[in-house]
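Colleague: Chain by chain, the residues run as shown.
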Amino acid sequence: MVSPVLLIVVPLGLAFAIPLFGFISKRIVKYIPIAAFAFNLAVALLLIPEVLKHPIVVRIGGFPPPFGINLVAGPVGVLFSVLIAVAGLLVAIYALTYIKEGSKEKYHMLYLLLLTGATGVVLTGDIFNLFVFFEILCISSYALVAYIGDRAGIESAIKYLIQGAVGSSFLLIGIGLLYGLFGTLNMADLAQHIESASPISVFVPMVLIITGLGIEAAIFPLNAWLPDAHSSAPSSISAILSGIAIEVGLYAVVRVIFTIFGVSSIFMFLVFLGILTLLIGEMCAFSQKNIKRMLAYSSIGQIGLIVFAMAMATSLAVTGGLFQLVSHTLGKSLLFLAVGYMIYRSGSMEISSLEGMGKRMPLTSLAFTIGAFSIVGLPPFVGFPSKFLIVQAALAKEAVLFTGLIGLVLLGTVIEGAYFFRVVQALYFKKGNGDSERNEAPVTGLIPMFIFVTLIIVIGIYPKLLTDVLNSAASEFLNRIDYIRSVIG
Amino acid sequence: MKSIISLILLSVIALGIAISLDKIPFGVPKTKIGDYYIDKGREETGAANIVTSVVVNYRCFDTLGEVTILFIAAIGLGAVLATRRKKEKREIEPASLVLYAGCRFLFPLILLFGAYISIHGHLTPGGGFQGGVVVASAFLLAYLGCRGRRVSETGIKTVESLGGLVFIVVGLVGLAVGGHYFLSNFLSKGELNSLFSAGVIPIIYIAIGLKVGSELTGVIDHLVEESE
Amino acid sequence: MSLEFLLAIAFGGSLFTYVLGKISSKLRESFAVLISLTLVVMIVCLYGKTIEKSFYFGFLGLPLILRTNMLSWLFAIAISVLGSLSVIFSLSYIKNRERADFYYLMLLLINAAMLGIVLSGDLLSFFIFWEIMSWSTFLLISYNRGAALAAGMKYIIMSTVGSMAMLIGVISIYTTYGTLNISEIAASSNLASSGYILSILILFFTAFGIKNAILPFHSWLPSAHAEAPSPFSSILSGILIKMGTYGFILFIYVIVGLNKFLNLGHGVLSFRYILCILGALTILIPTFIAVLQDDAKKLLAWSTIGQAGYIILGIAFGTSVSVAGGIFHFFNHAVFKGLLFLVVGAVEYRTNGIRDLNSLGGLIKKMPIAFIGALIGICGLIGLPLTNGFVSKWLIYKTLILEQSPFLAFAALFGTWGTILYSYKLIHNIFLGQLPEKYRDIQKSPFSMQLPIIVLSFAILLFGILPGIPLKVINAIGVSFGLESLSVTLWGIASETGALNTINLFVAILVGCIVVAFIFKAGQKAISVGQEDNYAAGAAIPKDKYHYTVDFYNPLYRMITPYLKDFIDAFYMKLAGWTQNLCSGVRRIYTGYVGHYVMYIVLFVALLIFIQVKWSLW
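Chains as they are written, first to last, in the working numbering: chain H, 1 to 489; chain L, 1 to 228; chain G, 1 to 618.
Simulated from the structure, these hints should not be mistaken for laboratory data. The hints are all genuine.
Restricting the straight-line Cα-Cα distance to at most 30 angstroms, the calculated cross-link-like pairs of lysine-lysine (DSS-like) are:
hint : chain 1 : residue 1 : chain 2 : residue 2
1    : G       : K438      : G       : K365
2    : H       : K289      : G       : K574
3    : L       : K2        : G       : K614
4    : G       : K53       : H       : K464
Some chain G residues flagged as far from chain H (calculated, every beta-carbon gap over 12 angstroms):
hint : residue
5    : F447
6    : L462
7    : T497
8    : I514
9    : Q524
Chain G regions said to be covered by chain H (calculated; three or more residues, Cβ under 8 angstroms):
hint : segment
10   : 57-67
11   : 145-151
12   : 154-164
13   : 603-615
From the three backbone atoms N, C-alpha and C, an ideal C-beta is built for every residue, glycine too.
Please put together the full structure from these sequences, using the hints given.
Modeller: This is the structure in structure tokens:
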């Protein structure tokens, strides 16, 4: 049996070792993230059949929870690990030729560490450990946002850093209060005792923790760093930030609310917050002329949709939310990767400068189009079954309120469709100014894009590939008693 | 106006935190796992310093993460600073002889002190983090006092990587031999209060000391480079 | 032969055509024609069969079902025949254009998706194919660039609104009945309350109404039809918007059932009556807007909306004769409107994209086949006897009059007058009158354009003289809905309240023609006058300055323009403007000052704590 701890430790070790590899050969460095995530993907896929039977609880150092730190590799953790490994692997391949400037060694180290942090967040079963991995994730993303080193990059990295730091302090205060109240940091143990304290004294740490995590999860009104950061990072990093980082933040929020606090009274508030996030994200994206900002705002909208789905808290809704999360990862990563080379070729992020790209970069434009259609939720792409499930979950509530809300969600989809279709038109049906010579992205750029395209179409046509894992992941979120039992025994 | 609003908002948050703190009895040791560490810490980990037993054994995974955070901060700073264009060179005034000689004299002593703190982390207050910082302070002194001398970047990087790798390899060996737990204390715990006790704890703490020391030195190096 | 095989050929063929196009354009074109003709043959073979089969279970545990029956078959045959004719027409139309591979891919993909829609036996596959059709249509409408971009956006936004309404409808049905199989829903829908059925119908009819362009959802259609490539306009107008019609029929007669439908609401407020009124308005207003158009394709586009009104009126009225008339009119409209768009396309092809009615004229001798096509086409459109349009309109008029609905009957008749006006304008301004100097050397259409025109013209006459052929099928469809059977003969319909017998008409018109021919023979001494000389009474006219087709119907134009502004479209454009403003307003939340951002965070925390401390909401 492979231990889930390897998912964290091996990439971490390789990241530490990168300078040593750099002494042997500078060229070898950029293949290390590929090796790391290929390994992670294999391990995570091997773990799937086992965790579907029962979650694997790993005790670090051999101490029983709550005294030591433990990892919980349940369906949720492994699902996210697979997702991180897939996106990490593909974006690492993309970065082989995409990252040309700056210190490559540092880029690859930070990249590895960012995703290691993400894997740690989704696997850990200890709230302080979650905080530590969360910081790994955040700090490496601050550094990577500034990686290009231009004014915009550094400015948005500093904005991100300030807001992230505020969030981290709230998070830490919240964790501290919890530790003071219950004398334990283990999530299952906390969950077990949470009802013994008075509601108001638990409420404050909950708000602080949700806020701290919500900043990374880009929930409105905590998401103001996102458009700047996502648009000024290198596109490979934007793909990871949009595809992985905010999803992991969202995972943490959901885990805290569902598993630790187990409060159902706040769900309605989150439903509205999700809708608000969705509408604001989509509306802001609609009025953007900068393609990366548009995609960044669209991520906010998608996160809103996922929050909405998760907060409905039925097994159907959580399945749909997780499905939407997967489809957003695939779609948005693909979009950022495609846009990366388009910007590179045209030299500008304005949508108007991408006109006529359909001719200059036909395959990249095709990839963009498929990604956009999937995000909008058109069949036969992966965005459709996920949107289908969410709508189904909302209607299964059989309440007029939810029917109205789902109307708002779909209104958001219409706006989303409008701005994505506008870009697709610009790519294909507007005559570009400037040269129209064919100048396709390099093979290392096209391979990851088309693997994403394949995944989007295959899962879109055959969602059963995912639904089993998603179903048990949803039940892991919803059955906190089972979670507690599997950790504490 | 703005500051009044901020003040009101912050006081609401403070009120909330106060309400929550209100329920936590002051000065009463209440935490269940705290008691556990005090009762069982020595016999389970073999470390005389209970803080160390928590930091490097019970919650060693956190420590690994914290080391990584420091590592990232150092790289991130380097990455950001490296992209900035160098300004024109400033005239560097050489240090006076007294300062120069004093720094050179103190430098090995501070290093020794740092090493001591790291190595005795499981016995006395202190440990790898503190030791590492002390080591880095030696280099800072050298930079200030002995202008113009620089540490080799390769050296810093090698030590930094090796420190991290030792930590992880120790953990992985634990996974392989010590009853299938990552970072388990697979070496013999030895006799309490002796230098060679507490299994892997001193090894890890030394690795941490090296890593933290080299990272902070690297940070100082980057900053000095920037200011020049 | 299985249905999934048919669809696999349709979808696979479209993709394969694209691949072949990368090798050779000849290969691509022959393959495209081959695929579309194969589909026609396969669908002909399906005649009279009833198949229902689940073929795929991979989608969220919902079985996807394909089925065929008379209704599906009638739509499928119309799709495949018009599709293949349009592919043949495209051979020369699209020959020297860029991105021809893409064009064929989309054309065949849309055809495949439409076949999927009519052959699907459950609402999920219906929705999936519907969406595939929607986005591929968007891509093809935008194909011509320029003004086509705005047209495409308008189309896709309205279409998305419709699709989202439909998505809610589909899933609501699933949560209520636990199945999406159309026949199972039909069996259990009797139990549902009227209120529920009404809400479902409103959701679905929004989607269908947008696709079918009935008022007030029509505003995407004129620009989309005008800007799309002409062979595709003919599919768009002839078939694609009729997917909405198919949806209407499916929901009214198959899923809800006639009885339930007729009893939704009562009196003036009954659902059926409102639908009829919408149909009547859709006939009246767009028809007269069509009269005002100077762009040949815009004129046909508005005419399409008007004709769709007849179809909806016939279907929604709900008697066996009116339903037969509605379905038959759908079929006829596909034939003659498809034909007219192809004719305009042929003219556009030879005049390098000119479709402005004020600058064309006199092409009758230059493009005789196109002229004949246009003549027969407008005869069908107006509904002259011995063309197919006559029979379907006759059926609709007859019901409306017999069932004593004066307003609806008046609307239908009045619409026909408008139809005559714009049809005449169309044919006159293109083919009659003075031939502008620059078109002296214009060539006849190539054969690949003539062939579809001839086939469709022939079809108009055939179904006009022998309406029994399609009416047999349509009657069978009606019977399957539980409507009374009509006594259809090959020559028409026998009925106590006035039978239709086209053979009598045929004989009468034949005799009339013979008489006229004799008179003509008797007057052979008359001098033959050149085409242009006869309207200046023989006097010489300055070339290119005298062109009386400009400002055709000017007095009428002045009279009705103030009443016929497209208020609805203007409203939509305003709505779009408001949305844009709102969006850029909302965007200002992100001010760019990090101080504000931190304030948002602090405010969020403080607000939550305050609410909880004050009211203990959570």
